[in-house]
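With the hints as extra help, turn the sequences into a complete structure.
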Amino acid sequence: MNPAMNSALNSTNSAMAPVATPSFFYALAALALISGFLVITRRNVVHSALALIVTLLSVAGLYLMLYAPFVAGVQIIVYAGGIMVLFLFVIMLVNIERSYNDRRFSSLWPVGLGAACALLALFVFAFAKGRALFPDRLMPLSEAANTQQIATMLYGDAGKAGQYTFVFEIASLLLLVAILGAVVMTKKKI
Amino acid sequence: MIPNFITSYLGSTLTPGEAGSQFWALVYVFIIFAGVSVAVMSMNWLERKALAHFQIRLGPMRVGPHGLLQPIADAIKLLLKEDIIPAEADQFVFWVAPLIGLLAAFTVYTVIPFGPSQAVSDMNIGVLFMLGVSSLGVLGIVVAGWASNSHYPLIGALRSSAQIVSYEVAMGLAVVSAILMTSLNDTGTGTLSMIGIVRAQEQQGVWFIFKFFPLGLIAFIVFAIAMIAETNRAPFDIAEAESELTAGYHTEYSGLRWSLFMLAEYAAMIAVSSIAVTLWLGGWLRPFPNLLHAPAWDFIFSLFPAMTFLGLAAIAFIGVAGTPAHSFLKVQKIGLAGFGSVLGCIALLLFVLAFSGRSANVNLGSRLNESIGYIYWFLLKVAVFMYLFIWYRATWPRYRFDQLMRVGWKVLLPISLAVLVGTAIAGVLFS
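Chains as they are written, first to last, in the working numbering: chain A, 1 to 190; chain B, 191 to 621.
By construction, these hints were calculated from the structure, which means they are not laboratory data.
Since this is a predicted model, take the numbers as computed values, not measurements.
Hints are supplied without guarantee of correctness; some may be wrong.
[Stated by the list, open to error] No more than 25 Å apart at the CA atoms, straight line, and that leaves these computed lysine to any residue pairs for SDA-like:
(1) A:LYS189 / B:ALA352
(2) B:LYS239 / B:GLY525
(3) A:LYS189 / B:VAL597
(4) A:LYS187 / B:TRP599
(5) B:LYS600 / A:LEU86
(6) A:LYS187 / B:VAL601
(7) A:LYS160 / B:THR377
(8) A:LYS187 / B:ALA352
(9) A:LYS160 / B:ILE615
(10) A:LYS188 / B:LYS600
(11) B:LYS239 / B:LYS523
(12) A:LYS160 / B:ASN375
(13) A:LYS187 / B:VAL597
(14) A:LYS188 / B:MET595
(15) A:LYS160 / B:LEU374
Right, here's the structure in full:
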């Protein structure tokens, strides 16, 4: 689909010259928003999942425009390639016919409205405060060694612990616990 | 003016992506697209022919000499066939599914390095990009199976998604152990770039398949098994197992759309073979560049492409000589002789290039000769894999689904994890 092509073209260009042209950004952002909207409005679950894939891919394109090719690659391989295949797998296993006609989350709309308002307020706040909220950019804009920079931040240079080593290891431990939990829950007899 | 443009390009050692030449990038894309399509057609012929000979049959013999024109006849048949979309199918998704697979398979070719400067672009995240985009191909299969709204395709799609997600894990870990090997240099920094990986093998003077023997070899074998499962080929082709599921996920497809699935499958096969060649078999490097590095050896190895075409021409002419003298076979005989002459002419051209590249200091000739060498060695290694795909299909019976899952999770995954840890330890100890 388009986003995959876009991201391929983007990264090809980004090696040549600054590619962060507004038109690319607006195209990708519009694609992400439209398909994100389709995710919640489609009645058919598989159509929603497909729209979600388009959203994820266009977000990957946005990462490329932010000179973060590694994050873009991980986004494609983990979310679009791995998790969405599992989503589709599960959707096909459950009975779609029944949920097709249900009125979904009908009693939850006040909660949703509240959450949406809170999110909107956050966005407005961030937009108003602008740059002052965020620290000065940590990574120099060189996507030629992006992967190496991420490795340095996570694991540190030789002999020196990285900035996020501890956080990273804790996160991996959390994932390991989740995997073990899933195995224990599904297997009665191990 | 135009020749100048071309010579200045041939003298460059950068990929079009690095050089910032959109024109040459576009030319490369077109060449690769055409080349892959032709390769898929010839692969189709070779597969039918080789399978037939494995089973002591003749295979296609009628269209052209030894069925050489069979793929073209097939293509015309598929284009003219009625294009049926089942009434109960999900029209849009049914329509878009083959395109997803095709797009994923072809996008991967952006980063495949046919030579040090013969790639569309060299990305910092090369391998990651390849694995990610090629894993999108399964979406086409899953979605096609669902959109057909029929039992066999749905079962095929479910099997395929479970299979590919499982084997991707082992495949990724095997790839990581090869990438780990690229970091064994002075700076201690590895690379994910496809060209960088081949350069690392050049620098270390060893293909990664022989590095830390047998660790590199085991990782390569794990990858070689996982890549067959990833491309849904025999013996892991349970997604389209014809004895149980008629044709699996593409049962309801016909005509052009079906041929798009086939094109995507074969393009993906070539793509994963290219990953294997780049990561473990030294990419575009010729055999023994370190042991036999005298100019004389360079010259001998530069004769290989020409010799290959000469050999193919010889086979064609032997075929001409072996054709029985009968008036019905006259056209076929002339056609085969013409085909052989074309191959012979290409061989002659390559010989001329090889000699001119050696004798004079013509920059253009030697550069061109060098490029042909790179592309030749890369494609030769990929071709070996393509033949292996056929060989596997003729040799091994299909796995059962539970056996497939057991192999993926309980055999390949632990092995690749162990190899990863072993490579890390060996890298610390021996570098």
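### Proposed proximity, B:ILE615 with A:LYS160 (alpha carbon, max 25 Å)
20 Å, holds
### Query
Given the hint that A:LYS187 pairs with B:VAL601, does the C-alpha gap stay at or below 25 Å?
19 Å, holds
### Query
Given the proposed pairing of A:LYS188 with B:MET595, does the C-alpha separation stay at or below 25 Å?
Satisfied, since the Cα-Cα distance of roughly 19 Å is no more than 25 Å.
### Query
Straight-line Cα separation of A:LYS187 and B:VAL597 no greater than 25 Å?
19 Å, holds
### Task
Verify the proposed pairing of A:LYS189 with B:VAL597, using a straight-line Cα cut of 25 Å.
21 Å, holds
### Task
Assess, step by step, whether the Cα of B:LYS239 is no farther than 25 Å from the Cα of B:LYS523, and give holds or violated.
19 Å, holds
### Query
Is the hinted pair B:LYS239 and B:GLY525 satisfied, with a Cα-Cα distance of at most 25 Å?
OK: B:LYS239 and B:GLY525 at ~19 Å, within 25 Å.
### Query
Would the pair A:LYS187 and B:TRP599 pass a check requiring their Cα atoms to be no farther apart than 25 Å?
15 Å, holds
### Message
Please verify whether A:LYS189 and B:ALA352 have alpha carbons no more than 25 Å apart.
### Response
Holds: A:LYS189 and B:ALA352 sit about 23 Å apart, inside 25 Å.
#### Entry: Restraint check for A:LYS160 with B:ASN375, where alpha carbons must lie at most 25 Å apart
Given pair A:LYS160, B:ASN375 holds - Cα atoms ~19 Å apart, limit 25 Å.
### Query
Is A:LYS188 close enough to B:LYS600, meaning Cα to Cα at most 25 Å?
Roughly 19 Å between the alpha carbons, so the hint for A:LYS188 and B:LYS600 holds.
### Hint consistency between A:LYS160 and B:LEU374 [alpha-carbon to alpha-carbon, up to 25 Å]
19 Å, holds
No hint from the list above goes unmet by this structure.
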